[in-house]
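Could you build the full structure based on these sequences and the hints that come with them?
Numbering (this note's numbering), first residue to last: -7 to 99.
Just so you know, these hints were derived from the structure itself, not from any lab.
Check before you lean on any hint, since a few could be wrong.
Quick list of simulated restraints, FRET-style, between CB atoms [claimed, not checked]: (1) 15 x 53: 50 to 60 Å; (2) 63 x 28: 30 to 40 Å; (3) 30 x 63: 45 to 55 Å; (4) 70 x 42: 37 to 47 Å; (5) 82 x 42: 51 to 61 Å; (6) 14 x 38: 30 to 40 Å.
What you are looking at is a predicted structure, and each value in this text was computed from that prediction instead of being measured.
Here a beta-carbon is modelled for each residue, glycine too, at the ideal position from N, C-alpha and C.
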Amino acid sequence: RAARLAAKKAKSEEFKVIQGEREEALQAEIQSRFEEKIARSEQLRQQYIAGIVQKAGEERRKVAEVAFINQLEQEDRKLALKEKLEGSEARRQALMEGVAARGKEAA
-7 RAARLAAKKA
3 KSEEFKVIQG
13 EREEALQAEI
23 QSRFEEKIAR
33 SEQLRQQYIA
43 GIVQKAGEER
53 RKVAEVAFIN
63 QLEQEDRKLA
73 LKEKLEGSEA
83 RRQALMEGVA
93 ARGKEAA
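Below you can see the structure in the form of structure tokens.
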């Protein structure tokens, strides 16, 4: 009878050891999955931030391009206005010379 009790106790101890090992393995598995999840989350976060940085750079480039185009258009408008004023001034000068010549002829 003592041998049976000893065998039962040994079997019970062995079961506890196996159960403890299973729980440790399960905890290790849970911890591993959690760490993988955290790593994946961090990777996705970094990709998201990199995407935002890239998009901001593209938007900054677009703004600079629009500013450059606006500057060129403004310079073109100034040049066109200057040419128009010079043309008007030349016509006015020619008219004044014509009036002065007619005035001399009449006098």
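Right, here's what the structure says about each hint:
1. 15 x 53: 50 to 60 Å: holds (57 Å)
2. 63 x 28: 30 to 40 Å: Cβ of residue 63 to Cβ of residue 28: about 52 Å, so the range 30 to 40 Å is violated.
3. 30 x 63: 45 to 55 Å: At 49 Å between Cβs, range holds.
4. 70 x 42: 37 to 47 Å: holds (42 Å)
5. 82 x 42: 51 to 61 Å: This hint holds: roughly 60 Å between Cβ atoms.
6. 14 x 38: 30 to 40 Å: At 36 Å between Cβs, range holds.
In this structure, the one hint that does not hold is number 2.
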